[in-house]
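There are 4 protein chains.
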Amino acid sequence: MLKGFTAPRSPLGAAALAPSPPWHFAGDALAVEFWNDPDISVHTLPTGVELDKDSRGHSVALFTDYQFTAQNNEYLDPARYQSRGFSVLLDAIWKGTRIAWRPYCYVDNDAALMRGWIQGYPRKFGAVHQTRTFATASAASAPLAHDSRFSACMSAHGWLLVQARVTLREKAEGLVGLLDRRIVGRRYFPRLSAGLHDKPAVDELVRCVSDRLLITNIWVGEGELNFPEAYGEELEVLGPLKVGRGYRFSFSYSVTDVEILADLTA
Amino acid sequence: MLKGFTAPRSPLGAAALAPSPPWHFAGDALAVEFWNDPDISVHTLPTGVELDKDSRGHSVALFTDYQFTAQNNEYLDPARYQSRGFSVLLDAIWKGTRIAWRPYCYVDNDAALMRGWIQGYPRKFGAVHQTRTFATASAASAPLAHDSRFSACMSAHGWLLVQARVTLREKAEGLVGLLDRRIVGRRYFPRLSAGLHDKPAVDELVRCVSDRLLITNIWVGEGELNFPEAYGEELEVLGPLKVGRGYRFSFSYSVTDVEILADLTA
Amino acid sequence: MLKGFTAPRSPLGAAALAPSPPWHFAGDALAVEFWNDPDISVHTLPTGVELDKDSRGHSVALFTDYQFTAQNNEYLDPARYQSRGFSVLLDAIWKGTRIAWRPYCYVDNDAALMRGWIQGYPRKFGAVHQTRTFATASAASAPLAHDSRFSACMSAHGWLLVQARVTLREKAEGLVGLLDRRIVGRRYFPRLSAGLHDKPAVDELVRCVSDRLLITNIWVGEGELNFPEAYGEELEVLGPLKVGRGYRFSFSYSVTDVEILADLTA
Amino acid sequence: MLKGFTAPRSPLGAAALAPSPPWHFAGDALAVEFWNDPDISVHTLPTGVELDKDSRGHSVALFTDYQFTAQNNEYLDPARYQSRGFSVLLDAIWKGTRIAWRPYCYVDNDAALMRGWIQGYPRKFGAVHQTRTFATASAASAPLAHDSRFSACMSAHGWLLVQARVTLREKAEGLVGLLDRRIVGRRYFPRLSAGLHDKPAVDELVRCVSDRLLITNIWVGEGELNFPEAYGEELEVLGPLKVGRGYRFSFSYSVTDVEILADLTA
Numbered sequence: 323m324l325k326g327f328t329a330p331r332s333p334l335g336a337a338a339l340a341p342s343p344p345w346h347f348a349g350d351a352l353a354v355e356f357w358n359d360p361d362i363s364v365h366t367l368p369t370g371v372e373l374d375k376d377s378r379g380h381s382v383a384l385f386t387d388y389q390f391t392a393q394n395n396e397y398l399d400p401a402r403y404q405s406r407g408f409s410v411l412l413d414a415i416w417k418g419t420r421i422a423w424r425p426y427c428y429v430d431n432d433a434a435l436m437r438g439w440i441q442g443y444p445r446k447f448g449a450v451h452q453t454r455t456f457a458t459a460s461a462a463s464a465p466l467a468h469d470s471r472f473s474a475c476m477s478a479h480g481w482l483l484v485q486a487r488v489t490l491r492e493k494a495e496g497l498v499g500l501l502d503r504r505i506v507g508r509r510y511f512p513r514l515s516a517g518l519h520d521k522p523a524v525d526e527l528v529r530c531v532s533d534r535l536l537i538t539n540i541w542v543g544e545g546e547l548n549f550p551e552a553y554g555e556e557l558e559v560l561g562p563l564k565v566g567r568g569y570r571f572s573f574s575y576s577v578t579d580v581e582i583l584a585d586l587t588a
Numbered sequence: 323m324l325k326g327f328t329a330p331r332s333p334l335g336a337a338a339l340a341p342s343p344p345w346h347f348a349g350d351a352l353a354v355e356f357w358n359d360p361d362i363s364v365h366t367l368p369t370g371v372e373l374d375k376d377s378r379g380h381s382v383a384l385f386t387d388y389q390f391t392a393q394n395n396e397y398l399d400p401a402r403y404q405s406r407g408f409s410v411l412l413d414a415i416w417k418g419t420r421i422a423w424r425p426y427c428y429v430d431n432d433a434a435l436m437r438g439w440i441q442g443y444p445r446k447f448g449a450v451h452q453t454r455t456f457a458t459a460s461a462a463s464a465p466l467a468h469d470s471r472f473s474a475c476m477s478a479h480g481w482l483l484v485q486a487r488v489t490l491r492e493k494a495e496g497l498v499g500l501l502d503r504r505i506v507g508r509r510y511f512p513r514l515s516a517g518l519h520d521k522p523a524v525d526e527l528v529r530c531v532s533d534r535l536l537i538t539n540i541w542v543g544e545g546e547l548n549f550p551e552a553y554g555e556e557l558e559v560l561g562p563l564k565v566g567r568g569y570r571f572s573f574s575y576s577v578t579d580v581e582i583l584a585d586l587t588a
Numbered sequence: 323m324l325k326g327f328t329a330p331r332s333p334l335g336a337a338a339l340a341p342s343p344p345w346h347f348a349g350d351a352l353a354v355e356f357w358n359d360p361d362i363s364v365h366t367l368p369t370g371v372e373l374d375k376d377s378r379g380h381s382v383a384l385f386t387d388y389q390f391t392a393q394n395n396e397y398l399d400p401a402r403y404q405s406r407g408f409s410v411l412l413d414a415i416w417k418g419t420r421i422a423w424r425p426y427c428y429v430d431n432d433a434a435l436m437r438g439w440i441q442g443y444p445r446k447f448g449a450v451h452q453t454r455t456f457a458t459a460s461a462a463s464a465p466l467a468h469d470s471r472f473s474a475c476m477s478a479h480g481w482l483l484v485q486a487r488v489t490l491r492e493k494a495e496g497l498v499g500l501l502d503r504r505i506v507g508r509r510y511f512p513r514l515s516a517g518l519h520d521k522p523a524v525d526e527l528v529r530c531v532s533d534r535l536l537i538t539n540i541w542v543g544e545g546e547l548n549f550p551e552a553y554g555e556e557l558e559v560l561g562p563l564k565v566g567r568g569y570r571f572s573f574s575y576s577v578t579d580v581e582i583l584a585d586l587t588a
Numbered sequence: 323m324l325k326g327f328t329a330p331r332s333p334l335g336a337a338a339l340a341p342s343p344p345w346h347f348a349g350d351a352l353a354v355e356f357w358n359d360p361d362i363s364v365h366t367l368p369t370g371v372e373l374d375k376d377s378r379g380h381s382v383a384l385f386t387d388y389q390f391t392a393q394n395n396e397y398l399d400p401a402r403y404q405s406r407g408f409s410v411l412l413d414a415i416w417k418g419t420r421i422a423w424r425p426y427c428y429v430d431n432d433a434a435l436m437r438g439w440i441q442g443y444p445r446k447f448g449a450v451h452q453t454r455t456f457a458t459a460s461a462a463s464a465p466l467a468h469d470s471r472f473s474a475c476m477s478a479h480g481w482l483l484v485q486a487r488v489t490l491r492e493k494a495e496g497l498v499g500l501l502d503r504r505i506v507g508r509r510y511f512p513r514l515s516a517g518l519h520d521k522p523a524v525d526e527l528v529r530c531v532s533d534r535l536l537i538t539n540i541w542v543g544e545g546e547l548n549f550p551e552a553y554g555e556e557l558e559v560l561g562p563l564k565v566g567r568g569y570r571f572s573f574s575y576s577v578t579d580v581e582i583l584a585d586l587t588a
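Listed in order, the protein sequences are those of chains B, F, D and P. For the first sequence, the residue numbers in my numbering are 323 to 588. For the second sequence, the residue numbers in my numbering are 323 to 588. For the third sequence, the residue numbers in my numbering are 323 to 588. For the fourth sequence, the residue numbers in my numbering are 323 to 588.
Since the hints were derived computationally from the structure, they do not count as laboratory data.
Copies of one chain are not kept apart here, so a pair can be met inside one copy or by any two copies together.
Think about it this way: if two alpha-carbon atoms lie no more than 27 Å apart in a straight line, the pair counts; the simulated BS3-like pairs of lysine-lysine are:
| no. | residue 1 | residue 2 |
| --- | --- | --- |
| 1 | K375 | K564 |
| 2 | K417 | K325 |
| 3 | K564 | K493 |
| 4 | K325 | K375 |
| 5 | K417 | K375 |
Taking the hints into account, I'd like the entire structure generated from these sequences.
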């Protein structure tokens, strides 16, 4: 009897690329809000999702640097279960509800890549880095303090795809207009059978369900953001016409579920 | 209208992690035949697949070092589309037909990881290396010649999982008893919806369909093989009780299809 | 006029692998004290350095996860200037003074590799990971708290070289018997001229000079440590006969100097 | 008695980052000749080296993909001893002799990085890729044939630094005007002692000595080349005003020596 939440299924279930939920995440994030061209970003939306007319073009560039664990102390295997990721989130509407549509995301770890595909995040491999803060005072520490600066970048296969910087101005109680929408993604798994390459086996619009979301150490300031042009990617057309606030915060949440909004294979 | 064979689907279809088939592969391979314990390896088989009683425990460790292209000159983007992989193949039977069951495989590239999942290869990320042969005579060249030696290794997340060596003895016309079975894998894509974690959306037993398979520069000799114990893997239990011949050859083939043998969700 | 502290020297001095000192470091560390076999570890000492008879075999396995900056906001280039390292430190004596001899160390970044060689740290490339602590409560957070556990590991070229774990027991005011010795290393740069391969151009025994050393958030507990055998390394012979306390702390310090103890080319 | 050609010196000499010469190399190369602005490239020359007035601005972009061995079958440890590199070579003159000055080079392996510094190549870490040719006919094979195309690229820390392409036109007997100059580099190892940061311990102008150089399978065609702008590098100012021929060939050579042209510390 083979076991495991994902392939490879194995006698003990220890070989699976991703362990069974619940999945727990704790990390640090750097985010920059920006506005892109709604006449372009509209073309990244799947059927049934519209741009939010009240904030047309408002988007978020989100960098995360986090630790993962499931039920077997995965956080004690840091070579496998620490990850760094990048996502773009577009303000959008699904059947009248405010959502954030995630057209592209990147991560630096195979287990995270697979978790993403299962959750409806279309992850590809990227090298993601962000300035970290350390406890002791030093020119190298990047303290959480007024005027402190944090950078982040993401590249894939040698192409720089995103550069960001946040200059902290003040501590905040909440994220105020950031990440206040449920994230919507798309679970997609194609068929390879001849003649069926355009008939995916799985094509579901899904809303992420996050439990026990905690956000702390929130700092707000000014953002800078740039999406350089790169071959083999379509991220740059979502790049900023205008850049807004920047945020730096710590987070944790858990995942055991996903809400299926629509079966797009139908 | 979003395009792309895989997610992320995008306006131009250029962002997809894997391009549409046909997929073409050309590369070099190092293979070692071995026998493991059938009382253990039988537990890696899915329902309906049996070990081959005529060659109980006969298996192949296969290292590949290859270049990929689809329709858009992907081979001219070597940072994205060169890959190195490792697979274990077990001699098995499906409904009376001789097959090779592939319980575990590893690759060093995100596009190859995703292609594998779509083809029914349960790939995880591994760092795979094999000695290469070069055209000019040198102590560093590893010529295709009698007594020439080739090594290969694979590690994942810092754990050494496989070590192999082949000492060439003679050039051969064909692979003679190696890779003469169609490879069977399992397409598997789980559900994340609460209560359905053990009801995969896709669970298909599939037989790989390779077109235009070419094998050349075949050398046969003696193999050495070792599967060290490693945390988070179940490869080592398939390790060799006895090691047989080693092979070094070049190959090419194309993929546009997969044959579905059984829907295991039923 | 070419500029730069290291090669490549360039018109603007921006291409140099390592910028000019002062160098500032801030990070987190995981350390495990252990005792190895003094009859073996004595063979890793250079001329003039002896094992400390008062603590024969007492050694430290030190993992660091840190950010670097020099004078040009290098900490805002996290892809280049974050590093993770591992070192072994042996209790030793130089001319009657208690020192820590560093026979082997590893780091995951080219700029850090070169800084190490200049400082007298014989760095090689290693993939180093340690469990991190995050600010929000979660199963994934690894809080600084009683019974919290942290793991670390280091591998090089696919071989696992070190595994460690620390279980926190209590917060401490100081490191009490850990890292209370000045670290001694060896600056070594060989000649390649024929006939002079064993006459290095630089061979200096040096004592590291750290300014503004700060240590905070110190937790002490129990350590676990293992040096697996690996090809192409000699770390395992320094492995633990006995393991003692484990430590987790944050640090910062600066470097502008090194003290030359002896010119070993003489 | 500690052994090893480089640090870390160890009881058995097996831990050294680079083994003792002779060093043997075998590999494939892609090269593009180009002309940059001599008024700019002149500023990358050290004292005593001049641009070649007969070919002012003529330069070569050289990508290599190779296997290394010394005396202990290092080629059987492919995870450690395969490397891919990139160099820029400028036509120059040293005391009336035609040389190629190598201001910048990159490699993807720690042992190769250190060998480079010892040989006078100012290597930094780069991810280097080139299209490979495989023995079996396939859309993925990139045969050595008329109109076949090969690409190469190099990135460092997520920045794309070089892109090249060569379209093969005809097989050639020799390299005809390419790599017909001895390569000159600079061995440079700084002091860290306070007050001496600008007084390197080693600063030698050196001419590389290659034994048993073999070049085969030479194809000549048209080159394309681009040096994108990148932070933390000064490569782009050497970028092409005009691009010439492209080359693809296989090579092998050995190294046991370097010729010291001048001691620049004097």
